[in-house]
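Since the structure of chain Y is provided, determine the placement of chain Z on it from the hints.
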Amino acid sequence: MRRSFVPLAFAAVSVLLLMVAMMMFMSTPVLAQENPTATPIVAEAGTGAIQLRYWNGLTGSDGVTMNEMVAKFAEENPEVSIRVESMAWATYFDKLLTSLVAGDPPELFLLHHQEIPQFARLGVLGATDDMFDYAGGPLPAADFAEPIFSATVYNGVRYGVVIDNHGWGLWVNNDLFEAAGLDPSVRPANAEEYIRYATLLTLDANGKHPNEEGFDPENVVQWGACISWLKPTFLSTLWQFGGDIVSEDGKTATINSEAGHKALQFLYDLIYVHHVAPPPAGFDSWQTFAANKLAMIPEGTWFRNFVTLDNPDLNWTAHGLPQWGDVRPATWVSSHVLYWPASLSGEKLEWARKLAIYLSEQGLYWATSGQVPGRLSQRAELDPEVFPSNIAIGRAFEEYGVPELASPYSTELVAAFEPEIDAALNNLKTIDQALNDANDRIQAILDRGG
Amino acid sequence: MQKVATGPTLQGRIGQFQFTLRRQEAVTGFLFILPFVAFFVIFRVWPAIQAILMSFRQWEVLMPEHPYIGLNNFRELMNDDLWWLSLRNTSLFAVLTVIGNTLISLAAALVVIQPIRFQTLYRVVFYAPVLLSVSSVCVIWSWILNKEFGVLNYFLSKFGIAPVPWTADPNIVIPSLSLVTIWWGFGFPMLVFMAGLQAIPEHLYEAAKIDGANAWQRFRFVTLPLLRPTILFVTVTQFIAHLQVFGQSFIITGGGPGRSSYTVIMHLYYTAWRFYRMGYGAAMAVALGIVMIVLTLIQFRFFGRREEE
Chain Y
6 MRRSFVPLAF
16 AAVSVLLLMV
26 AMMMFMSTPV
36 LAQENPTATP
46 IVAEAGTGAI
56 QLRYWNGLTG
66 SDGVTMNEMV
76 AKFAEENPEV
86 SIRVESMAWA
96 TYFDKLLTSL
106 VAGDPPELFL
116 LHHQEIPQFA
126 RLGVLGATDD
136 MFDYAGGPLP
146 AADFAEPIFS
156 ATVYNGVRYG
166 VVIDNHGWGL
176 WVNNDLFEAA
186 GLDPSVRPAN
196 AEEYIRYATL
206 LTLDANGKHP
216 NEEGFDPENV
226 VQWGACISWL
236 KPTFLSTLWQ
246 FGGDIVSEDG
256 KTATINSEAG
266 HKALQFLYDL
276 IYVHHVAPPP
286 AGFDSWQTFA
296 ANKLAMIPEG
306 TWFRNFVTLD
316 NPDLNWTAHG
326 LPQWGDVRPA
336 TWVSSHVLYW
346 PASLSGEKLE
356 WARKLAIYLS
366 EQGLYWATSG
376 QVPGRLSQRA
386 ELDPEVFPSN
396 IAIGRAFEEY
406 GVPELASPYS
416 TELVAAFEPE
426 IDAALNNLKT
436 IDQALNDAND
446 RIQAILDRGG
Chain Z
16 MQKVATGPTL
26 QGRIGQFQFT
36 LRRQEAVTGF
46 LFILPFVAFF
56 VIFRVWPAIQ
66 AILMSFRQWE
76 VLMPEHPYIG
86 LNNFRELMND
96 DLWWLSLRNT
106 SLFAVLTVIG
116 NTLISLAAAL
126 VVIQPIRFQT
136 LYRVVFYAPV
146 LLSVSSVCVI
156 WSWILNKEFG
166 VLNYFLSKFG
176 IAPVPWTADP
186 NIVIPSLSLV
196 TIWWGFGFPM
206 LVFMAGLQAI
216 PEHLYEAAKI
226 DGANAWQRFR
236 FVTLPLLRPT
246 ILFVTVTQFI
256 AHLQVFGQSF
266 IITGGGPGRS
276 SYTVIMHLYY
286 TAWRFYRMGY
296 GAAMAVALGI
306 VMIVLTLIQF
316 RFFGRREEE
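Taken in order, these protein sequences are the chains called Y and Z. Mind the numbering: the first sequence is residues 6 to 455 in our numbering, read in order. Mind the numbering: the second sequence is residues 16 to 324 in our numbering, read in order.
Calculated directly from the structure, the hints in this document are not laboratory data. From a predicted model like this one, the values you see are computed outputs, not experimental measurements. The reader is advised that the hints may include incorrect statements.
To be verified - Calculated lysine-lysine pairs in the BS3-like style (CA-CA distance at most 30 Å, straight line):
no. : chain 1 : residue 1 : chain 2 : residue 2
1   : Z       : K173      : Y       : K434
2   : Y       : K298      : Y       : K213
3   : Y       : K267      : Y       : K256
4   : Y       : K77       : Y       : K100
5   : Y       : K353      : Y       : K100
6   : Y       : K434      : Y       : K236
7   : Y       : K213      : Z       : K173
8   : Y       : K236      : Z       : K162
9   : Y       : K298      : Z       : K173
10  : Z       : K224      : Y       : K298
11  : Y       : K267      : Y       : K434
12  : Z       : K224      : Y       : K213
Chain Y on its own, in the form it takes in the complex (with noise of 0.2 Å):
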């Protein structure tokens, strides 16, 4: 009878030792595996005993630059050893939530100006007010750029040190520009000539302009203009009308304003009126523009790194955003931030503190990311001849820079109204129906929010 349980007893402990094993090898965090796998997105710098994990969502070539400012960093302080993860930013801000919840964040990570609220109010952000001069700290608060300084203030209190400062400006292709007649270091001044501009370089396959007899929209080879992405354009464009997506108290939804119908419609107008941009559905504006078949492109500083490392053949030509609108210039600015977790403490917020402060004063070798640096000396040292996109982009973002509002909701208040533009755009709904629907929804969501 005895000998009958000797196979169940063998089951039992096969099946308690599997267990075992799989909840070890579950557990396991993979930062004490004798030998790690790196993925090409983690980056270990240095061999110090204090370690630090910092996440980013660079996952374009501005990840390589950061890997490399982390790793000279890491060079010069040998106690400290860094893990850096890059991860697309839908996915960093699934884990960095997760890594939040459970207690267990990163000593460093980098997000925008505008999710400070979002974050803050969660009271999981460090405030940095005493890492600058009016507290007492080592950074000087004059030498950061305007408007995004100002924007890193939730409820008084400062959160993250700024790296950078990136936005919308204007990328023209000088080969079109030059074959039209047009002068390509001329930036068009209004809109009118913004649209005059386009219809010169919009060509048909007959060679035909929009402007001209026989000219078929359905067949066009080379564009003048496009939307691109429809955030910062929309944006831009709106706030150069007079108009915002909320009141100024942030209490009610104005997006289907006076302005929001002129903005809406004006985009609009390129490309159902004047022929002169696609809609936007589908329609691959890096590529175009890299294929000599887009003349102007509104787009991102960080649009530099596609123009000169992916496509060093282009010739081209960046400014400030034109402006389009009746009321002022105005141009979609964010910035890249960093943060620590509040809960981070000891030598590990020393050398957190350490880092972000030795990021901002790399300003110069970020810059080559195409990003703007966020300290003004910085940008007084940058070379006409290596930085022109950094340089005329940064002018525009001194000049007439606006931050994209930071609200608790921010990512919300995007998501609400960004397909209805697309939607208008695209010509499936009316331009009347898409801003009210998008005003609904915003409205909604602020109520929601007290």
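Chain Z in isolation, oriented as in the chain Y frame:
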């Protein structure tokens, strides 16, 4: 001579021995499935219960309080036009994909089960896309479907066909995503159909031939009826899978143009993970689960009826 009552005692002992053996076998069997059951409970059942409980709360990530709000999340869901829009898009996608997948995988199975040349090669080639990740499939297809530079439009242009806006036209964006998904996934149901076809006794076809049935009649009156359980399995599992479509629309179209390819799981993802409204997101998950259960019951009723009769 005294009669020794050995019979009942021996039978009783044998019975007791068999019972003990059965019990031991049962316990051993249970222990073997214990790891699966344990992980299934920990990673499937427990989160599902938590999600149901969460759906009755105003559960925002990292907020100290998660107040109970009864059915408010479900009331909001019933008035959420994006929920209904995404459900409509998702249902259209699921119907197109399930029909396409079932027909193509059945046709492929009928072909590769025949003793043709390069039979194994065909089976491998048809199945191979299943092994790819959704990201790879979507990146490749977003290039193929590109209106200006896509290879599909390039080939169509050789026949004088104007560039088709595969992912830019609201009327064809979901069929386009469905096409991508069918290409990606028909290999698995093909395998299931192959197994189903191999289980049909050969003598039934021989009898049908003797009765004068042609190829179509043999397929219609022998193959299809006997494949009914397999078709039921394929359609039920496919519906459940495709009602959870996310990667294709998220990567290829971002839910656009407008919200023409915005799906339920995209809505859930944005709500829970981007807007941190886990309670409302959980309510969406529960509602989608109910939709799946209802659809599964309908399919069982539709395809299972003749079996019962």
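Hint check:
{"no.": "1", "hint": "Z/K173 / Y/K434", "verdict": "violated, 34 Å"}
{"no.": "2", "hint": "Y/K298 / Y/K213", "verdict": "holds, 15 Å"}
{"no.": "3", "hint": "Y/K267 / Y/K256", "verdict": "holds, 22 Å"}
{"no.": "4", "hint": "Y/K77 / Y/K100", "verdict": "holds, 27 Å"}
{"no.": "5", "hint": "Y/K353 / Y/K100", "verdict": "holds, 21 Å"}
{"no.": "6", "hint": "Y/K434 / Y/K236", "verdict": "holds, 18 Å"}
{"no.": "7", "hint": "Y/K213 / Z/K173", "verdict": "holds, 24 Å"}
{"no.": "8", "hint": "Y/K236 / Z/K162", "verdict": "holds, 23 Å"}
{"no.": "9", "hint": "Y/K298 / Z/K173", "verdict": "holds, 21 Å"}
{"no.": "10", "hint": "Z/K224 / Y/K298", "verdict": "violated, 63 Å"}
{"no.": "11", "hint": "Y/K267 / Y/K434", "verdict": "holds, 16 Å"}
{"no.": "12", "hint": "Z/K224 / Y/K213", "verdict": "violated, 67 Å"}
The structure shown violates the earlier hints numbered 1, 10 and 12.
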